[in-house]
Amino acid sequence: EKPYVCKQCGKAFIQRDDCYSHERTHTGEKPFMCVQCGKTFTFSKSLQIHEKNHTGE
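Here the working numbering is used: position 28 in the sequence shown is 19, and no number is missing along the way.
I should point out that these hints are in silico values taken from the structure, not numbers from a laboratory.
Hints are not guaranteed to be accurate.
What the hints assert, rightly or not - Straight-line C-alpha distance at most 30 Å; calculated DSSO-like pairs for lysine-lysine:
no. : residue 1 : residue 2
1   : LYS36     : LYS(-7)
2   : LYS36     : LYS(-2)
3   : LYS30     : LYS2
4   : LYS30     : LYS(-2)
5   : LYS43     : LYS30
6   : LYS21     : LYS(-2)
Using the sequences and the accompanying hints, generate a full structural model.
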């Protein structure tokens, strides 16, 4: 059962937080910011991947 439904597109999720994260793709909200360069991201995982560019990993 997937009780959490995106208000924009109807995609359903098992976990509430996953639904909230997904809804940011529609709103354009980017709450995760790189402290090195100021670039912002929709998802924390995207920021983590980006930060590796600065560390050379």
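Checked hints:
This hinted pair checks out: LYS36 and LYS(-7) have alpha carbons roughly 23 Å apart, not beyond 30 Å. As the CA atoms of LYS36 and LYS(-2) are separated by approximately 23 Å, the hinted pair is consistent with the 30 Å bound. For a cut-off of 30 Å, the pair hint linking LYS30 to LYS2 stands: about 28 Å separates their Cα positions. With a C-alpha separation of about 27 Å, the suggested pair LYS30 and LYS(-2) falls inside the 30 Å cut-off, and the hint holds.
Only pairs whose Cα atoms come within 30 Å are accepted, and LYS43 paired with LYS30 is accepted, the gap being roughly 13 Å. This hinted pair checks out: LYS21 and LYS(-2) have alpha carbons roughly 18 Å apart, not beyond 30 Å.
Checked against the numbered hints above, the structure breaks none of them.
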